[in-house]
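A.B. asks: With chain A fixed as given, assemble chain B onto it according to the hints.
This is what each chain is made of:
Number of protein chains: 2
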Amino acid sequence: MKQWNNITIIGVGLIGGSLAKALKKAGLVKNVTGYGTREESLQKAQQLGVVDQYTLSLQEAVQGADVVVLAVPLGAMEAVLKEMQPFLSEETLLTDVGSAKTSVLNAVKAAFGRIPKRFVAGHPIAGKEKSGVEAACENLFVDHRVILTPTAETDKGALAELTELWQATGACVSEMTPAFHDEVFAATSHLPHLLAFGLVNLLNEHEELGNVFQYTAGGFRDFTRIASSDAVMWRDIALTNRDAIVKWLNHYQAEIQALTELVGSGDGQRLHDYFAQAKQARDEHIVKPNEIKDGSQTKP
Amino acid sequence: MKQWNNITIIGVGLIGGSLAKALKKAGLVKNVTGYGTREESLQKAQQLGVVDQYTLSLQEAVQGADVVVLAVPLGAMEAVLKEMQPFLSEETLLTDVGSAKTSVLNAVKAAFGRIPKRFVAGHPIAGKEKSGVEAACENLFVDHRVILTPTAETDKGALAELTELWQATGACVSEMTPAFHDEVFAATSHLPHLLAFGLVNLLNEHEELGNVFQYTAGGFRDFTRIASSDAVMWRDIALTNRDAIVKWLNHYQAEIQALTELVGSGDGQRLHDYFAQAKQARDEHIVKPNEIKDGSQTKP
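So the protein sequences, as listed, match chains A and B. So for the first sequence, full-length UniProt numbering puts the first residue at 1; every next one is plus one. So for the second sequence, full-length UniProt numbering puts the first residue at 1; every next one is plus one.
Rather than coming from a laboratory, the hints here were simulated on the basis of the structure. Some hints here could point you the wrong way.
If chains are identical, the list can't say which one is meant, so a pair holds when it fits in one copy or spans any two.
When the alpha-carbon atoms are kept at most 20 Å apart in a straight line, the in silico EDC-like pairs for lysine to aspartate or glutamate are as follows [as the list claims (entries may be wrong)]: (1) LYS247 to GLU208; (2) LYS117 to GLU78; (3) LYS130 to ASP283; (4) LYS130 to GLU284; (5) LYS82 to GLU284; (6) LYS279 to GLU134; (7) LYS130 to ASP222; (8) LYS279 to ASP222; (9) LYS128 to ASP222; (10) LYS128 to ASP283; (11) LYS25 to GLU205; (12) LYS130 to ASP273; (13) LYS117 to GLU60; (14) LYS2 to ASP155; (15) LYS30 to GLU83; (16) LYS279 to GLU205; (17) LYS24 to GLU161; (18) LYS128 to GLU284; (19) LYS109 to GLU91; (20) LYS279 to ASP230; (21) LYS279 to GLU207; (22) LYS247 to ASP267; (23) LYS128 to GLU90.
If we strip away everything but chain A, and leave its shape as in the complex, we get (with noise of 0.2 Å):
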């Protein structure tokens, strides 16, 4: 497996702290620099052992850097692409981890131009409602999925280098077009998020009923567990992933309003059926972590 001297990781927050640690835990990196804005919280990632040294120069962060990760709110993208541009070497691979991908893909070419040949975008499925370099772990992306989104501009070695990087922090990699990754995580992950959100706010504004949190139990502190997330990161999100989001906002605003109209039918069978045809597909299709295996279908 491939040795790096240097990684950078721009933005060492839970994301690019827990990719740090995983990959000096497999022994993958001799040195890693942290990059950002606020000393403070580069000091406290140098004294948890996640940065070897940190720097507020970006380019001293990625001059010598092998590999240089892109760990900052997908809002933030556009500005660090363009300031590191003159510095940055062909030579250095260059990747991200943000939840959308299209956007990112115009970050790069406003900031470069163009594609960079060795540019890969990724976008690991891990996280944690706790933000913060305090939060990272090294056990983050074990039998975690990350979506590689590579391009025709996208060097093959380059593609299979990041692949390698990431398999060794114990994720399983996959590739997708950057187009259909946006789409499958409005689905999967942005939709139910802004729905947590929005469940909140909605119990949180209703003062008619008191303090109707007090009444809630697992199930709720369950569905809501993500609405506990940080709000720079998916205002950012849906931002730059605003397009997919709004579809999937209106697929699932029909999907209501039909049961709706079905809860209000007081069609028994009708609504027996509803709510075994979602069991029967949660329980036959939900990925439990350990059956993430490379390369194979995760339907049990």
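C.D. replies: What follows is chain B alone, placed relative to chain A:
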């Protein structure tokens, strides 16, 4: 604490079975009788030690019982109540564990022509996505709420006895009017369950993306856990608390319509504030199991 000689559980599934086990563990009851319509399931309950004996005769089940607990699906309440009415002593403490309360009171009135003094409706806020007596667990109610919904007719002694009985299982007991109960749980429980069923059905139906469930992660699993709940139970809840559920589905649709427009607008500041408000509300208000205390607010 009052000891009971004979408790009868009508419907020995997850909730009825867990209550029997919890009361035995607490030493509150000498003898538990199970009643049901499927002998195989009752044999299983006896083998597991959940009930001391069982009967397929409702007359046998309720004659001589000190406490009768109705733990059948909401849709079966009225028929069971009508069948037991000729045999039930005025001295027997009668209760239920249904998730909607107005409909249970209507079923009791239909069966008895009035609300018997020693009937007290109840709702333990506990569950699992698994059902059946095999899933029954003596700790299911520990640090969970149980809502009792007494009416003007309810005997104070019966209410006090039932409160003590539930407290012996480790639960925190509160009181509400039936109508307020149904409104609160339409919002905090029935609504999220239906939203989760709806999301799974939506994604299951959209064949053009393939099996998208394979790309889901922990957030989706948690969000949809409640969509693995029992279809008969949820059919009956949808039928018996229909008006409150339709009202909250409509509230939610309006919320999601507004959120869809907000995403479409691309207004980053307002999107950020929307997500931050939900995150703050959830982080502040969501009850953690160990924070539920009798008589105290659960807001941390």
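A.B. asks: All hints, please: hold or fail.
C.D. replies: Comparing the hints with the structure gives:
| no. | hint | result |
| --- | --- | --- |
| 1 | LYS247 to GLU208 | between (33 Å within a copy, 14 Å between copies) |
| 2 | LYS117 to GLU78 | within (18 Å within a copy, 71 Å between copies) |
| 3 | LYS130 to ASP283 | between (28 Å within a copy, 11 Å between copies) |
| 4 | LYS130 to GLU284 | between (29 Å within a copy, 14 Å between copies) |
| 5 | LYS82 to GLU284 | neither (46 Å within a copy, 39 Å between copies) |
| 6 | LYS279 to GLU134 | between (37 Å within a copy, 19 Å between copies) |
| 7 | LYS130 to ASP222 | both (15 Å within a copy, 16 Å between copies) |
| 8 | LYS279 to ASP222 | both (17 Å within a copy, 14 Å between copies) |
| 9 | LYS128 to ASP222 | both (13 Å within a copy, 12 Å between copies) |
| 10 | LYS128 to ASP283 | between (23 Å within a copy, 14 Å between copies) |
| 11 | LYS25 to GLU205 | neither (46 Å within a copy, 42 Å between copies) |
| 12 | LYS130 to ASP273 | between (37 Å within a copy, 18 Å between copies) |
| 13 | LYS117 to GLU60 | neither (22 Å within a copy, 80 Å between copies) |
| 14 | LYS2 to ASP155 | within (17 Å within a copy, 77 Å between copies) |
| 15 | LYS30 to GLU83 | neither (26 Å within a copy, 76 Å between copies) |
| 16 | LYS279 to GLU205 | between (30 Å within a copy, 14 Å between copies) |
| 17 | LYS24 to GLU161 | within (16 Å within a copy, 61 Å between copies) |
| 18 | LYS128 to GLU284 | between (25 Å within a copy, 18 Å between copies) |
| 19 | LYS109 to GLU91 | within (18 Å within a copy, 80 Å between copies) |
| 20 | LYS279 to ASP230 | between (30 Å within a copy, 8 Å between copies) |
| 21 | LYS279 to GLU207 | between (33 Å within a copy, 18 Å between copies) |
| 22 | LYS247 to ASP267 | between (29 Å within a copy, 17 Å between copies) |
| 23 | LYS128 to GLU90 | neither (34 Å within a copy, 54 Å between copies) |
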